[in-house]
Amino acid sequence: MRLSRLSSALVASATLGLAASAHAQSGAWQPFVSVSPVYQGNSDVDDGGRFKVDGVTVRGGASTTWGAGNRIGVTLSYDQYDYSFDNVSAFGAQAPWGDVRRYGVSVPVSWALSNDWSLTVAPSVDWFGEKSASNSESRVWGAMVSGVKQFGGGNRLGVGLGVYDQIEKTSVFPVVIVDWRLNDRWRLVNPLPSGPTGPTGLELDYRFDGDWTAGVGVAYRSVRFRLNDRASAPGGVGEESGVPLFLRVTRNLGPQMALHLYGGAVVGGKLRLEDASGNLIKKQSFKTAPLIGVSLVGRF
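Remember, my numbering sits 7 above the position in the sequence shown when you count from 1.
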């Protein structure tokens, strides 16, 4: 299954927005915001050279209840990934791409159904491209539809389907939603939506006494974006994908704010360069890359 980080971010925005309303009074809008710097360290590319990435993801918005258990929200997203390549001759005389930006908005709407089921539809539109790339050619749009079953003890299981018109490709993929308490200490969940790994994966969470928790997990992420006219493939498409393995430590700073610290590595990484029509020019694997991240999440 090829699930892009962009689509994962849409799932994250919907999940975060709806979760934020859980403690809000009926009809009141509850704002939320998250800021997550991330650093992916130097990694060797198979055919020579190396690269690293500095990035940050920002989410903000608000959500509210309407009717009997129904919810609606809006999430604004901004991602920035600054790629630094060193002698990566496999892609030609120049670096395949540089600074990448993403802007987006999602409007998740959830309906409470009978028998503890809820249905969520989250349409979205995003622009994902290298700096100065064509906005009209960088647009991504689509929707995620998911159903979640509420069990006793606050446990939740669900499935979803995402359909997105991405850059020179259409993606259709399933999503599994997990939030299951194994006992008073252990919990199996999807990774934190606003974190540097994205929510596509599983995490085993442990709650300590006091305000600390920790988790260990695995995820899948991919960023796919339009290139500018000065790139090695003018107007083409770039993509980076990999599997983050991570340890998370969280300190709750109060009932509405938390600081999450991440350490880990990206394995199975790949870089992909396509022309303006989405035809493959070059694909390279890269070695295990260290991953460090921080995520500050607040609800107000």
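Source of the hints: derived by calculation from the structure; they are not laboratory data. Where a beta carbon is used, it is the ideal one built from N, C-alpha and C, also for glycine. Do not take every clue at face value.
As the list claims (entries may be wrong) - When the alpha-carbon atoms are kept at most 27 Å apart in a straight line, the in silico DSS-like pairs for lysine-lysine are as follows:
1. LYS156 x LYS59
2. LYS176 x LYS156
3. LYS290 x LYS59
4. LYS294 x LYS277
5. LYS290 x LYS176
6. LYS294 x LYS59
7. LYS138 x LYS176
8. LYS138 x LYS277
9. LYS156 x LYS289
10. LYS138 x LYS156
11. LYS294 x LYS156
12. LYS59 x LYS289
13. LYS289 x LYS176
14. LYS138 x LYS290
15. LYS277 x LYS176
Unchecked claim - Label-pair ranges, simulated between beta-carbon atoms:
16. GLN101 x GLN263: 27 to 37 Å
17. ASN94 x ASN122: 53 to 63 Å
18. TYR110 x LYS176: 27 to 37 Å
Hints and how they fare:
1. LYS156 x LYS59: With a Cα-Cα distance of about 41 Å, the restraint between LYS156 and LYS59 is violated, given a limit of 27 Å.
2. LYS176 x LYS156: Status violated; Cα separation ~32 Å.
3. LYS290 x LYS59: At roughly 17 Å apart (the allowed maximum being 27 Å), LYS59 and LYS290 satisfy the hint.
4. LYS294 x LYS277: Measuring from Cα to Cα gives roughly 9 Å; hence the hint holds.
5. LYS290 x LYS176: holds, 17 Å
6. LYS294 x LYS59: holds, 11 Å
7. LYS138 x LYS176: With Cα atoms ~21 Å apart, LYS138 and LYS176 stay inside 27 Å; holds.
8. LYS138 x LYS277: Distance ~21 Å between LYS138 and LYS277 Cα, so the pair holds.
9. LYS156 x LYS289: violated, 43 Å
10. LYS138 x LYS156: Violated - the C-alpha atoms of LYS156 and LYS138 are around 42 Å apart, more than 27 Å.
11. LYS294 x LYS156: This hinted pair is violated, its Cα atoms lying about 40 Å apart.
12. LYS59 x LYS289: Within the cut-off at roughly 19 Å; holds.
13. LYS289 x LYS176: holds, 17 Å
14. LYS138 x LYS290: Holds. LYS138 to LYS290 sits at ~22 Å (cutoff 27 Å).
15. LYS277 x LYS176: holds, 18 Å
16. GLN101 x GLN263: 27 to 37 Å: violated, 47 Å
17. ASN94 x ASN122: 53 to 63 Å: Given range 53 to 63 Å: holds, Cβ gap about 59 Å.
18. TYR110 x LYS176: 27 to 37 Å: violated, 20 Å
The structure fails to meet hints 1, 2, 9, 10, 11, 16, 18 from the earlier list, while all remaining hints are met.
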